[in-house]
Amino acid sequence: NALMQDNLTLEQKASLICVENDTVETGKRVFITPYINDAWTEQTAHIHIYVDALHSPNHIVSNVHVCIETIVHAKTGTILSDVNEADANPNDSDVNGVPIVLRKNRATVLLKNVLALFNGMNLDGIGQLQFNQSVDPYCVSTQYLWNSRAYYGHTTRMVIKMSGASTSPNFGY
Numbered sequence: 001n002a003l004m005q006d007n008l009t010l011e012q013k014a015s016l017i018c019v020e021n022d023t024v025e026t027g028k029r030v031f032i033t034p035y036i037n038d039a040w041t042e043q044t045a046h047i048h049i050y051v052d053a054l055h056s057p058n059h060i061v062s063n064v065h066v067c068i069e070t071i072v073h074a075k076t077g078t079i080l081s082d083v084n085e086a087d088a089n090p091n092d093s094d095v096n097g098v099p100i101v102l103r104k105n106r107a108t109v110l111l112k113n114v115l116a117l118f119n120g121m122n123l124d125g126i127g128q129l130q131f132n133q134s135v136d137p138y139c140v141s142t143q144y145l146w147n148s149r150a151y152y153g154h155t156t157r158m159v160i161k162m163s164g165a166s167t168s169p170n171f172g173y
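Here the sequence shown stands for residues 1 to 173, numbered as in our numbering.
The set of hints was computed from the structure by calculation and includes no laboratory data.
It should be emphasised that the depicted structure is a prediction, and the values quoted were computed from it without experimental measurement.
All residues carry an ideal CB built from backbone N, CA and C; glycine is no exception.
It is possible that part of the hints are untrue.
[Claimed, not checked] Derived pair list, reagent style DSBU-like, types lysine-lysine, alpha-carbon separation capped at 30 Å: (1) K13 <-> K112; (2) K161 <-> K112; (3) K13 <-> K161; (4) K112 <-> K75.
[Unchecked claim] Pair by pair, the computed Cβ-Cβ distance ranges are: (5) D6 <-> G27: 29 to 39 Å; (6) K28 <-> N84: 37 to 47 Å; (7) N113 <-> V140: 36 to 46 Å.
Please build the complete structure, drawing on both the sequences and the hints.
Following this line, the structure appears as structure tokens:
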């Protein structure tokens, strides 16, 4: 469990990503493929990150759509709020500091954290990952149901602008 470990190395982080192509359940929770296993029954949450589509607005630039699926089992969808933590959301308490949000939706919390982590992230040598409809109108997040409604969550489409026109070593745009 990555949350129970301090300062993971790059190799330890990489080992948490499932790269096997089989369809059996695994102890890993991050995947590089879409969620396609209808036989999955484990009551847990997982994240799937993959290239969803390419959109080319002209002959120079391509928009690479990166899809991030944040999925939770319906029986694990409610979690305790962090209202008593020092860095809790101030909107989770009233003006007198009395907690008013005691439970949260796990899928929404995952979505919020994915957006906070990935939106604006610079991927060295490739470009900037963005959740921005002014860059590409396909940047949306939609809630879905999976596996006969046993799982639900969000499919979030982000974009990276790419071309070979840049002379910067930091960007493919």
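Evaluated hints:
A C-alpha spacing of about 21 Å is found between K13 and K112, which places the hinted pair at or below 30 Å, so the restraint holds. Among the hinted pairs, K161 with K112 is consistent with the structure: their alpha-carbon atoms are about 23 Å apart, no more than 30 Å. Annotation: proposed proximity of K13 to K161 holds, straight-line Cα distance about 26 Å (limit 30 Å). This hinted pair checks out: K112 and K75 have alpha carbons roughly 20 Å apart, not beyond 30 Å.
Checked against the hint of 29 to 39 Å, the pair D6 and G27 fails, with Cβ atoms roughly 20 Å apart. Between K28 and N84 the CB atoms are about 31 Å apart, so this pair departs from the stated range of 37 to 47 Å. Here the CB-CB span from N113 to V140 is close to 18 Å, at odds with the stated 36 to 46 Å.
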